[in-house]
Amino acid sequence: MGHETHESRVCTWLGEDDPGRADTATINLEPERLTAHGASRAPAYAASWSLTTTENWITEHLTISVHGTGWSRHLDMLRAPNGSWTVKAAKFGDPARSGLAGLPEPGIADPHALDQALDCDIEYCPATNSMPILRLGLVHDAGAAAEYTVALVRMPSLEVVPSQQLYAGSRAYDEDSGTALVSYGSGDFSAELLVDSDGIVIDYPGLAVRRRG
40 MGHETHESRV
50 CTWLGEDDPG
60 RADTATINLE
70 PERLTAHGAS
80 RAPAYAASWS
90 LTTTENWITE
100 HLTISVHGTG
110 WSRHLDMLRA
120 PNGSWTVKAA
130 KFGDPARSGL
140 AGLPEPGIAD
150 PHALDQALDC
160 DIEYCPATNS
170 MPILRLGLVH
180 DAGAAAEYTV
190 ALVRMPSLEV
200 VPSQQLYAGS
210 RAYDEDSGTA
220 LVSYGSGDFS
230 AELLVDSDGI
240 VIDYPGLAVR
250 RRG
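Sequence positions in the sequence shown follow my numbering and run 40 to 252.
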């Protein structure tokens with residue numbers, strides 16, 4: 040399933056677990072791929088990121104920067120056509136000045152741990168859930184399901200870890216409500232994600248809900 044024409048969406052999600060957190064993303068949907076850029080803000084930090092995918096919504100390039108009082112971190116992740124990842128990270132200053140002592144190091148010690156990963160996933164940001172949902176056609180096919188290894192970017196440390204995530208159709212698109220339901224699971228966590236016709240999350244229970252308008 041793909042989009043026949045270019046479509047740009049601007050979405051803002053407000054934190055449910057943390058009312059002080061907000062994420063905004065501009066998502067440009069094209070046939071079989073997307074590009075996006077966005078920003079996050081929380082009481083102790085602000086972040087900005089940019090993402091491009093190849094065909095079939097497979098991550099190609101992610102850059103993300105985080106800034107707090109007296110510190111900053113930057114991450115650059117590139118996935119090659121053969122499935123290998125290059126991960127570069129940098130850090131400046133001390134996050135303890137923002138009350139974030141003991142953050143893990145940014146990046147990943149062994150990028151080969153991501154060799155099976157097709158997607159990146161920015162922690163707390165619902166924008167990056169769209170790629171697996173679109174790849175599986177879960178908006179219209181409630182019978183589809185797959186488990187993926189994703190490159191999870193922890194926030195605000197920018198530590199990168201491989202994460203197993205299960206996506207499955209739960210309720211196909213309903214014209215009256217303009218929504219579909221997608222089952223999501225990772226480890227002992229599971230949720231029913233409410234998404235729109237473009238596979239973009241409206242409500243991620245316990246994490247974030249999209250602001251209308």
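If you are wondering where the hints come from, they were derived from the structure by calculation, not from laboratory data. Using N, Cα and C, we set each Cβ at its ideal position, and we do this for glycine too. You may find that some hints are simply not true.
What the hints assert, rightly or not - Listed below are the simulated DMTMM-like cross-link pairs for lysine to aspartate or glutamate, each with C-alpha atoms no more than 20 Å apart in a straight line:
| hint | residue 1 | residue 2 |
| --- | --- | --- |
| 1 | Lys127 | Asp115 |
| 2 | Lys127 | Glu94 |
| 3 | Lys127 | Glu198 |
Claimed, not checked - Pairwise CB distance ranges (calculated):
| hint | residue 1 | residue 2 | range |
| --- | --- | --- | --- |
| 4 | Glu71 | Ser123 | 16 to 26 Å |
| 5 | Gly141 | Asp215 | 44 to 54 Å |
| 6 | Ser87 | Thr125 | 12 to 22 Å |
Each hint, compared with the structure:
1. Lys127 with Asp115: holds, 5 Å
2. Lys127 with Glu94: violated, 24 Å
3. Lys127 with Glu198: holds, 11 Å
4. Glu71 with Ser123: 16 to 26 Å: The hinted range 16 to 26 Å holds for Glu71 and Ser123, with Cβ atoms some 22 Å apart.
5. Gly141 with Asp215: 44 to 54 Å: The hinted range 44 to 54 Å holds for Gly141 and Asp215, with Cβ atoms some 49 Å apart.
6. Ser87 with Thr125: 12 to 22 Å: The hint (12 to 22 Å, Cβ to Cβ) holds, given that Ser87 and Thr125 are roughly 21 Å apart.
In this structure, the one hint that does not hold is number 2.
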